[in-house]
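Chains as they are written, first to last, in my numbering: chain A, 112 to 300; chain B, -16 to 214; chain C, -17 to 551; chain D, 637 to 753.
I should point out that these hints are in silico values taken from the structure, not numbers from a laboratory.
Cβ atoms here follow ideal geometry from the backbone N, Cα and C, with glycine treated the same way.
Be aware that a few hints might be false.
Covered stretches of chain D (in silico footprint by chain C; criterion: 3 or more residues with CB under 8 Å from a CB of chain C, positions within the stretch not fixed) [unchecked claim]:
hint: 1; region: 693 to 703
hint: 2; region: 706 to 718
Derived pair list, reagent style SDA-like, types lysine to any residue, alpha-carbon separation capped at 20 Å [as the list claims (entries may be wrong)]:
hint: 3; chain 1: A; residue 1: Lys300; chain 2: D; residue 2: Gly685
hint: 4; chain 1: B; residue 1: Lys44; chain 2: C; residue 2: Pro459
hint: 5; chain 1: A; residue 1: Lys218; chain 2: A; residue 2: Gly229
hint: 6; chain 1: B; residue 1: Lys190; chain 2: B; residue 2: Ala84
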Amino acid sequence: MRPIANTRSAAGIPTGRLAVWWVVASEIVIFGGLLASYIMQRLAHPEWADQAAVTDWRIGGFNTLVLLSSSLSAVLAHQAAERGNGKRAANLLYVTCGGALTFIMVKAYEWTMEISHGFTLQSNTFWSFYYTAAGIHALHVIAGAIIMLIVAADAKKNLELHRVELIGIYWHFVDIVWIFLFPLLYIAK
Amino acid sequence: MIERYLIQASSYAGDIDGIIILIGWLVGIWFLISEGVFFWLIWKFRHRDGHKGEYITGEEKHQKRWITIPHALVLVCDVFIIVGAVRVWYDVKQYLPEPDAEVRIIGQQWAWSFVTPGPDGELGTADDIKTVDELVTEVGKTYVYHLEARDVLHDFSVPVFRLKQDAIPGRVITGWWKATEMGEFDIQCAEICGIGHGLMFGRIHVKSPEDYAAWVRENSPVASLAAVTAR
Amino acid sequence: MAESVGVGTHGAEDAHGHEHHEASFFQKYLWSTDHKMIAMQYMFTGMFMALIGGFFAYTFRMQLAFPGMEVPFWGMVTPAEYNALITNHGAIMIFWVAMPVLIAAFGNFLIPLMIGCDDMVFPKINRLSYQIFLISVIVLLASFVVENGGFGGAWTMYPPLSAKHEYSLTTLGSSLFVIAVALEFVAFLLGGINFVTTAMNSRAPGMRLYDIPIVVWMIVIASILFMASVGPLIAGAIMLFMDQNLGTHFFDPNAGGDPILWQHLFWFFGHPEVYVVLLPAVGITAEIITVFARKKLFAYRTVLYTTFATGVLSFTVWAHHQFIAGIDPRMAHIFTITTLLISIPIAEMMFVFIATLYGGDIRLNTPMLWALAFIAEFLIGGVTGIFLGASGADIYFHDTYFVLAHFHYTFFPIAIIGVYAGVTFWYPKMFGKMMNDTLGKIHFWGTIIPFNCIFIPLFVLGAAGQHRRIYDFTHFPELAQYQDVRVFATVSLVIMLLFQFVFIYNFFASLKKGKDAGPNPWKSNTLEWTTESPPGHGNWKELPTVYRGPYEYQTPGRDEDYWPQNVPS
Amino acid sequence: MSDSAAAAHAHHDDSHYWKIWAILCALLVVSVIGPLFEIRVITLITAFGVAIVKAYMVAKNFMHLNIEKQYVIYLLLTMLVFVFLFFAAVAPDVMKWEGDNWVKPYVAQESSAPAHH
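Next up, chain A with everything else stripped away, as it sits in the complex (with noise of 0.2 Å):
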């Protein structure tokens, strides 16, 4: 059962979709802060340059293409929720859900490529950031993923139907730190 404090709204944003800002705020400075050491080692490392090459701009393309999909279905999952159409809501968030599973998939693939040409974790600091940050995000798609599965499972029988959107929020999130990781880790040369 829910406390009454859930249930006010002295801010004017309901209490869920508040707390998710939070922890979007406080990712945003864990992200920040592992990047901006990236960035300076980086730009400190131009050798890192013929590292980076190496990595497959074709398959982190893809990934991106599929991230942005699954935060439109994601984003249309919480259209069908705020119409009360919970059985929509839920199949959108399945559809969420196989987008995060195919971008897990093609990175177990990529990485399975790299390292298997010798490209490892030790190799230097340059792969050390690239397996950290893309790990780091890789576990934040399979949390958000597992979390979606769960409010779709309420969602289908009409419960809980603002969690749909809370979620998406996250989703959101998530897609904005690859749209970054993207060109940091395999278009800049």
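Following the hints, position chains B, C and D against chain A.
Relative to chain A, chains B, C and D alone:
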């Protein structure tokens, strides 16, 4: 106040003590005033029967004065402190004088090794003198040091010089001192560097020109080599 | 359902209609989602860790005073043990005592009660936050007993010492330490989001921003500071852990990494962290001073604005910890200026508290003594900080005992005095009994006097050039002469520690023998005093409405000298 | 939970979001084509400039920051400001190879990875 415990043995020790004393006066006065007012108020407005407290919001201007004016004065003091601190810092850490001699200082777990110029007075030549935990220098000369670390962070600190600088692996950090007093002083490692940190102490010997010359003659590897061949 | 049980469920059976049922011990004390019970869990865990931290302090102070002698209850202190002791003393006192008690315990207990709602907005997340914190405690304790003992690289964990096992010689200890710290951060991120959301959204009807008690403001702002500053260090902790165990080279200069990067990652969090623990203590002081001076807080809004200013400025000062750590000398100028600027809001905050006493009707009960002691002692910590913030003076003072004495004069008022103030003040509300005032005063003087006897001498030793984290100073010809000063400090410490047992006795004896408190023993205005003590589940039979600010004491035209927030005018 | 956002959504039908998505995909194409010219300026603009535009569009239209309470935007921006502050103050030490009275002897990254040899 520092020189009561430690002599000022370098040219800038006096400046650093100076800024410390300046700050000491400024904050000391503030400290005494605030604690004084604080305890006086506690005593003056202690609970007594029949005495009732007053209703003061502190929002009106004439009331706020009591904190805004001190607030402005603190700002003024801060300006003085900033100016003093920045000037001292510039002289000690940022500006580099013309060196009379250069030394290499290498920190490692858990010892200091020093490379001082040999008879030719040049660093990086065959006759350089390598010592461990004992740094021998000459009084009145401007020394420029190149500080390195082999493994972890260390900190080269000579309290009597008021000199302190971290040694970072992967960097060479340059600084200077000019000893004004002769004698033998502590070198401490001021950055924790593992279990031997407490044992990582050295001694710096500040010698008169004659003694220093004699020491160089005895210890220069080339000189000793010459002595051997002469025999 | 775990939600419906918590401290003192009795007397609140029909609080918005849960039927009361007897909960198992496990449900009631370990699995509760009631904010008051979680606060208790945090408080007792924190106090348990405080005992450990205090014992560590005793052990290494004994080693410093009588080097090479068997320390009672410990034995010989090896250099490795000494490093582990000081490292974990610092880490425990900040991360596992100050944070859980000041932020989590008081935050959990006070925020819902002071803003007039029945619980945190996310009770289950609240419970999860404590459970993660508990795991971090266990991991930390485990790190002491693993092979080669606990981590000994200082709580700042500077690499390469912390990054490479062949340097630190604590193979497992250093990794466990990093994991424990990271888990602790996650716990407080969850808790912080909960606090901020609760305070923003769940205020009682009628409570405007300027009607919120200062302590709630302070805890919320502290949580925000924590959230905004800890991110880089979480990333850094991951990087450090990978350096330790996965063979990466983020901080390894020999492979293109940079140790300075860690120092920045750490202190970008580390300095705001000081204010994260300071602000709640300041807030507690504000509450207590207004109540026992029977006086309206002087310039409520000014306090808020200075707090905001402190919060923002605290993000711009971190490199003053690194003046001589190898950062570019030009940076030092900027950070000197910002550091001295932050002295202004803090000074103003102190002025406000002193001004609040003017025209008061001051009663010196134990909580008031602690609150006043906080101001008196924190002033010393504040003014000595100026020496260290000024780059020129810091060249000499950096990493000496002067620094150590300085931050103990800030952290002791925060983590010990502030906590005792809060506990003695809200004890009646937490347990429904009054603490013994005489024992409280004995404990107060027995703590404050030895505390000054410990750290005033350490200022002197610092001025004499004694550096930190060295396990035996008799090796240093210039320092050996001050041995008797060290002995004096150590003896004072032992006396202070012994007096803490007075508090522990008082705490538990009062639970039984203490006389009943009644809802509002201090005649205070804020909402938590308008429900019975201890509050039942749901806190109020029906939730209160707020009509005025929290500090309406001595309001003209009333015969009582106080005017609770929920009383209609 | 009906709220400002819900109310404001009424006049959005799904096609609006499809439009945004199409634009994002177009931008994605730009950001991968651009760098193929191997011209530094174009690479930077197309890769990072476009990334910022994409992030802005997602945040505005998908996260609905356009109809969210103002202070949320300020909150997120403040966090970004802190990140930039961090970068600005750390770069002089970490990014540079020498400064006032210090140098990092250049350690080129000899990598075990084949890309080098």
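So, going through the hints one by one against the coordinates:
no., hint, in the structure
1, 693 to 703, "violated (count 0)"
2, 706 to 718, "holds (count 3)"
3, A:Lys300 - D:Gly685, "15 Å, holds"
4, B:Lys44 - C:Pro459, "58 Å, violated"
5, A:Lys218 - A:Gly229, "16 Å, holds"
6, B:Lys190 - B:Ala84, "14 Å, holds"
In this structure, the earlier hints numbered 1 and 4 are contradicted, and the remaining ones agree with it.
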